[in-house]
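*Asks:* Next come the chains, spelled out residue by residue.
2 protein chains.
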Amino acid sequence: MAKAAEPPSGTRDFLADDVRRRKAAFDTVSAVFERYGFDPLETPAFERLEVFAGKLGDDASALIFKILKRGVHEASGEADLALRYDHTVPLARVMGTYGSKLPSPYKRYAIGPVWRADRPAQGRFREFVQCDLDTVGSSSPLADAETLWAINDALIALGVADFRFLVNSRQALHGLLEAYGIPEEAGTKVLGSLDKLDKATPDAVIAELADRGLATETAESLVGDVIATDTDRIRKQLDTTERGRAGLAEVDKLVELTAGLPSGRVVFTPRMVRGLDYYTGPIFEVTAAGYPGSISSGGRYDGLVAKLGGPDMPACGGSIGLERILAGQAAADAEAAGLDVALTVLGAEDEVLRLANRLRAQGLRTGVYLGTSGKLARQLKWANDQRARTVLIYGPAEQEAGEVTVRDMTSGEQTRVPVDDVPAHLQR
Amino acid sequence: MAKAAEPPSGTRDFLADDVRRRKAAFDTVSAVFERYGFDPLETPAFERLEVFAGKLGDDASALIFKILKRGVHEASGEADLALRYDHTVPLARVMGTYGSKLPSPYKRYAIGPVWRADRPAQGRFREFVQCDLDTVGSSSPLADAETLWAINDALIALGVADFRFLVNSRQALHGLLEAYGIPEEAGTKVLGSLDKLDKATPDAVIAELADRGLATETAESLVGDVIATDTDRIRKQLDTTERGRAGLAEVDKLVELTAGLPSGRVVFTPRMVRGLDYYTGPIFEVTAAGYPGSISSGGRYDGLVAKLGGPDMPACGGSIGLERILAGQAAADAEAAGLDVALTVLGAEDEVLRLANRLRAQGLRTGVYLGTSGKLARQLKWANDQRARTVLIYGPAEQEAGEVTVRDMTSGEQTRVPVDDVPAHLQR
Numbered sequence: 260m261a262k263a264a265e266p267p268s269g270t271r272d273f274l275a276d277d278v279r280r281r282k283a284a285f286d287t288v289s290a291v292f293e294r295y296g297f298d299p300l301e302t303p304a305f306e307r308l309e310v311f312a313g314k315l316g317d318d319a320s321a322l323i324f325k326i327l328k329r330g331v332h333e334a335s336g337e338a339d340l341a342l343r344y345d346h347t348v349p350l351a352r353v354m355g356t357y358g359s360k361l362p363s364p365y366k367r368y369a370i371g372p373v374w375r376a377d378r379p380a381q382g383r384f385r386e387f388v389q390c391d392l393d394t395v396g397s398s399s400p401l402a403d404a405e406t407l408w409a410i411n412d413a414l415i416a417l418g419v420a421d422f423r424f425l426v427n428s429r430q431a432l433h434g435l436l437e438a439y440g441i442p443e444e445a446g447t448k449v450l451g452s453l454d455k456l457d458k459a460t461p462d463a464v465i466a467e468l469a470d471r472g473l474a475t476e477t478a479e480s481l482v483g484d485v486i487a488t489d490t491d492r493i494r495k496q497l498d499t500t501e502r503g504r505a506g507l508a509e510v511d512k513l514v515e516l517t518a519g520l521p522s523g524r525v526v527f528t529p530r531m532v533r534g535l536d537y538y539t540g541p542i543f544e545v546t547a548a549g550y551p552g553s554i555s556s557g558g559r560y561d562g563l564v565a566k567l568g569g570p571d572m573p574a575c576g577g578s579i580g581l582e583r584i585l586a587g588q589a590a591a592d593a594e595a596a597g598l599d600v601a602l603t604v605l606g607a608e609d610e611v612l613r614l615a616n617r618l619r620a621q622g623l624r625t626g627v628y629l630g631t632s633g634k635l636a637r638q639l640k641w642a643n644d645q646r647a648r649t650v651l652i653y654g655p656a657e658q659e660a661g662e663v664t665v666r667d668m669t670s671g672e673q674t675r676v677p678v679d680d681v682p683a684h685l686q687r
Numbered sequence: 260m261a262k263a264a265e266p267p268s269g270t271r272d273f274l275a276d277d278v279r280r281r282k283a284a285f286d287t288v289s290a291v292f293e294r295y296g297f298d299p300l301e302t303p304a305f306e307r308l309e310v311f312a313g314k315l316g317d318d319a320s321a322l323i324f325k326i327l328k329r330g331v332h333e334a335s336g337e338a339d340l341a342l343r344y345d346h347t348v349p350l351a352r353v354m355g356t357y358g359s360k361l362p363s364p365y366k367r368y369a370i371g372p373v374w375r376a377d378r379p380a381q382g383r384f385r386e387f388v389q390c391d392l393d394t395v396g397s398s399s400p401l402a403d404a405e406t407l408w409a410i411n412d413a414l415i416a417l418g419v420a421d422f423r424f425l426v427n428s429r430q431a432l433h434g435l436l437e438a439y440g441i442p443e444e445a446g447t448k449v450l451g452s453l454d455k456l457d458k459a460t461p462d463a464v465i466a467e468l469a470d471r472g473l474a475t476e477t478a479e480s481l482v483g484d485v486i487a488t489d490t491d492r493i494r495k496q497l498d499t500t501e502r503g504r505a506g507l508a509e510v511d512k513l514v515e516l517t518a519g520l521p522s523g524r525v526v527f528t529p530r531m532v533r534g535l536d537y538y539t540g541p542i543f544e545v546t547a548a549g550y551p552g553s554i555s556s557g558g559r560y561d562g563l564v565a566k567l568g569g570p571d572m573p574a575c576g577g578s579i580g581l582e583r584i585l586a587g588q589a590a591a592d593a594e595a596a597g598l599d600v601a602l603t604v605l606g607a608e609d610e611v612l613r614l615a616n617r618l619r620a621q622g623l624r625t626g627v628y629l630g631t632s633g634k635l636a637r638q639l640k641w642a643n644d645q646r647a648r649t650v651l652i653y654g655p656a657e658q659e660a661g662e663v664t665v666r667d668m669t670s671g672e673q674t675r676v677p678v679d680d681v682p683a684h685l686q687r
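First to last, the protein sequences are chains L and G. When the first sequence is numbered by the numbering used here, its final residue is 687 and no position is left out of the sequence of numbers. When the second sequence is numbered by the numbering used here, its final residue is 687 and no position is left out of the sequence of numbers.
Rather than coming from a laboratory, the hints here were simulated on the basis of the structure. It is possible that part of the hints are untrue.
Stated by the list, open to error - Derived lysine to aspartate or glutamate pairs resembling EDC-like cross-links, with alpha carbons at most 20 Å apart:
{"no.": "1", "chain 1": "L", "residue 1": "Lys328", "chain 2": "G", "residue 2": "Glu265"}
{"no.": "2", "chain 1": "L", "residue 1": "Lys282", "chain 2": "G", "residue 2": "Asp286"}
{"no.": "3", "chain 1": "L", "residue 1": "Lys328", "chain 2": "G", "residue 2": "Glu672"}
{"no.": "4", "chain 1": "G", "residue 1": "Lys360", "chain 2": "L", "residue 2": "Asp272"}
{"no.": "5", "chain 1": "G", "residue 1": "Lys458", "chain 2": "G", "residue 2": "Glu443"}
{"no.": "6", "chain 1": "L", "residue 1": "Lys448", "chain 2": "L", "residue 2": "Asp536"}
{"no.": "7", "chain 1": "L", "residue 1": "Lys360", "chain 2": "G", "residue 2": "Asp277"}
{"no.": "8", "chain 1": "L", "residue 1": "Lys282", "chain 2": "G", "residue 2": "Glu337"}
{"no.": "9", "chain 1": "G", "residue 1": "Lys328", "chain 2": "L", "residue 2": "Asp286"}
{"no.": "10", "chain 1": "G", "residue 1": "Lys455", "chain 2": "G", "residue 2": "Asp536"}
{"no.": "11", "chain 1": "L", "residue 1": "Lys328", "chain 2": "G", "residue 2": "Glu386"}
{"no.": "12", "chain 1": "G", "residue 1": "Lys360", "chain 2": "L", "residue 2": "Glu265"}
{"no.": "13", "chain 1": "L", "residue 1": "Lys328", "chain 2": "G", "residue 2": "Asp318"}
{"no.": "14", "chain 1": "G", "residue 1": "Lys328", "chain 2": "L", "residue 2": "Glu301"}
{"no.": "15", "chain 1": "G", "residue 1": "Lys328", "chain 2": "L", "residue 2": "Glu333"}
{"no.": "16", "chain 1": "G", "residue 1": "Lys328", "chain 2": "L", "residue 2": "Asp317"}
{"no.": "17", "chain 1": "G", "residue 1": "Lys328", "chain 2": "L", "residue 2": "Glu386"}
{"no.": "18", "chain 1": "L", "residue 1": "Lys512", "chain 2": "G", "residue 2": "Asp609"}
{"no.": "19", "chain 1": "L", "residue 1": "Lys282", "chain 2": "G", "residue 2": "Asp609"}
{"no.": "20", "chain 1": "L", "residue 1": "Lys512", "chain 2": "G", "residue 2": "Asp339"}
{"no.": "21", "chain 1": "L", "residue 1": "Lys282", "chain 2": "G", "residue 2": "Asp277"}
{"no.": "22", "chain 1": "G", "residue 1": "Lys282", "chain 2": "L", "residue 2": "Glu301"}
{"no.": "23", "chain 1": "L", "residue 1": "Lys328", "chain 2": "G", "residue 2": "Glu337"}
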């Protein structure tokens with residue numbers, strides 16, 4: 260394959276079956292979010308460059324696709340627009356654009372592509388769909404709980420069977436650091452080390468914490484507490500500081516408000532940190548049997564909308580890793596959509612088209628042979644390539660008798676049916 | 260509104276009701292195209308710059324959004340990628356990428372955004388949805404006819420009531436020029452003048468043709484023939500040249516193969532030219548009562564796929580002006596989606612959430628009050644803002660009685676219903 264003929268590095272063409280499978284997944288998730296009263300939002304593929312500039316960290320900024328100025332300004336080599344990097348920055352912009360015209364609180368979902376100039380790798384693309392739902396303008400714990408409920412229902416609707424919400428609280432994490440006498444400035448790095456406990460061994464993390472200047476005893480005790488199955492140990496620690504108690508109360512409220520979910524679905528997980536430091540309250544992550552890493556995550560991020568240039572409003576939300584889920588299911592449902600009916604063309608073209616359109620009118624996916632061969636065998640091969648379930652043959656003999664030969668492509672069985680009865684015959 | 264808060268010039272944010280209305284239209288059209296055996300195709304939002312370079316005319320090339328190289332190459336001010344300008348160039352690229360892996364002929368539709376750095380104006384955007392269907396690899400007139408049938412059904416499904424296909428043939432047009440002794444090199448300009456006959460008066464067009472060097476008598480005769488209601492005059496002219504006869508045969512075949520459509524739906528329109536000169540065979544345009552200009556167009560373009568860098572294959576297709584149709588209908592269906600049920604929160608939060616989720620499970624769009632006020636009046640105002648049809652009140656008195664007050668927001672009528680009976684009560 261010549262390089263020029265490939266889609267650009269890190270992007271994909273989606274042919275028929277892929278488009279259908281992806282669309283079905285997006286529609287499934289939308290339908291769930293709609294039931295929860297979330298509204299869809301679609302922003303342009305690009306924003307003014309300044310909407311992103313300074314709003315993302317350096318690492319993220321390097322991944323932005325920038326659009327060159329146009330016309331006489333093209334020669335300057337400068338950019339003024341940037342492709343959408345995520346759905347959160349546009350959401351903050353929209354809060355500023357429409358303000359009080361939006362429902363309050365504003366509950367919205369966005370399912371659409373974002374673009375990042377990341378190094379392409381297995382499962383990592385430069386154009387991929389992000390699926391976000393957020394509630395802006397509510398500080399109620401009900402909003403946090405609704406996020407989990409809605410994601411729970413969406414994952415079930417997507418066919419993800421065995422999954423758990425790991426929940427924690429940023430406040431609890433800060434309280435934890437206080438309880439262990441870890442200075443504020445060392446906090447981010449220590450939390451970063453704890454976050455590795457899902458992959459690394461406790462000993463490796465203890466060693467890393469020691470490298471970061473913690474007394475070995477403190478490191479051992481901290482790691483021991485956060486991975487203990489019995490959370491009473493950590494609860495005791497958290498109870499010693501104000502922030503710890505506030506964080507614990509957040510976690511307990513979230514667990515209480517999701518008590519209607521199957522037992523074991525929502526689990527207080529003290530070691531769970533979430534990489535992004537803009538979270539301010541409860542946080543969660545979803546792990547599922549058969550999928551690597553997490554397939555969903557989110558939390559409360561009360562200061563973020565203002566930081567991104569929007570009004571100062573409390574907010575919480577979450578994101579579903581649809582691409583990861585779709586990739587995990589690719590092998591499972593490789594079933595493809597063929598034609599319901601294929602019509603051969605052996606003369607009488609207008610009658611064939613008219614019959615085809617009667618079948619289409621009753622919802623059957625119907626194809627007509629558009630090639631040049633007048634040979635039935637060649638046309639049957641085409642029908643077979645189209646994965647047609649039924650083939651209609653309307654040759655000279657059939658035309659004379661006013662009948663159509665209906666061939667079942669699975670059994671090979673053939674029946675002669677009067678032309679006018681074909682739609683009813685196939686309806687069955 | 261601060262400029263920084265607006266979406267970029269020529270683009271739009273789509274809030275809830277707009278997204279729903281647009282998605283419904285796209286799904287409607289997709290469903291029709293699927294019935295005709297067309298496959299969906301989604302290509303990336305951008306292609307390598309060289310895929311577009313030299314493939315479009317100068318006017319179009321100036322409208323391409325170019326993406327700056329990334330990382331260390333950003334400083335060069337050079338671009339290597341371009342946002343999708345249309346769906347045709349990517350289709351030609353895909354024919355080259357997948358070749359024989361695609362069905363033959365390849366019937367595909369594409370409904371998705373394209374980007375053009377045009378000067379924004381009323382109804383002209385820099386990001387807008389194009390809706391194309393094309394058949395690549397068939398020279399059969401059945402393929403041309405199927406395009407019209409599919410577009411016919413799609414327009415009806417979209418609620419466009421009163422429309423006509425104006426059909427002509429590029430071959431017929433060339434034959435016409437020959438018949439009138441107009442030299443080949445003057446042809447494009449003469450056809451350009453004739454194309455104005457839908458807006459300008461015949462006299463104005465005759466004058467323009469005279470300016471272009473035609474004898475006044477020839478100009479009068481030509482214009483008279485192409486606008487005559489009785490097409491016999493033009494048929495006689497076309498019959499005098501080989502290309503004219505071939506073109507006439509194309510038109511007649513298309514009319515014959517669409518005879519199943521309502522009478523008067525497909526009309527031979529000798530003056531109809533279509534601006535783009537890549538068409539090689541039958542061409543069409545759709546005009547509809549209540550919509551300005553044409554709402555759909557297309558034709559056969561046998562040489563184009565090769566010219567755009569794909570394999571040399573015959574092709575035909577058409578495009579539906581979905582944005583224009585949606586704009587024309589905007590006023591008509593302003594009906595908006597509110598909540599089916601709004602739940603107030605006056606304590607017992609977990610019970611409220613659980614009830615909400617039972618209602619969601621039966622498909623009702625259900626919202627829970629997420630604000631901070633404990634006052635019923637304030638919460639009812641929220642429910643009203645959400646355009647809720649029904650409000651559920653679960654205050655202290657109701658909680659004690661194990662009942663819910665169900666308030667019909669249209670009539671104002673209130674009923675007390677046992678908590679467990681609420682889902683069944685609302686199902687009605």
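*Asks:* Which hints from the list above does the structure break, by number from lowest to highest?
*Replies:* 3, 5, 8, 9, 14, 19 and 20
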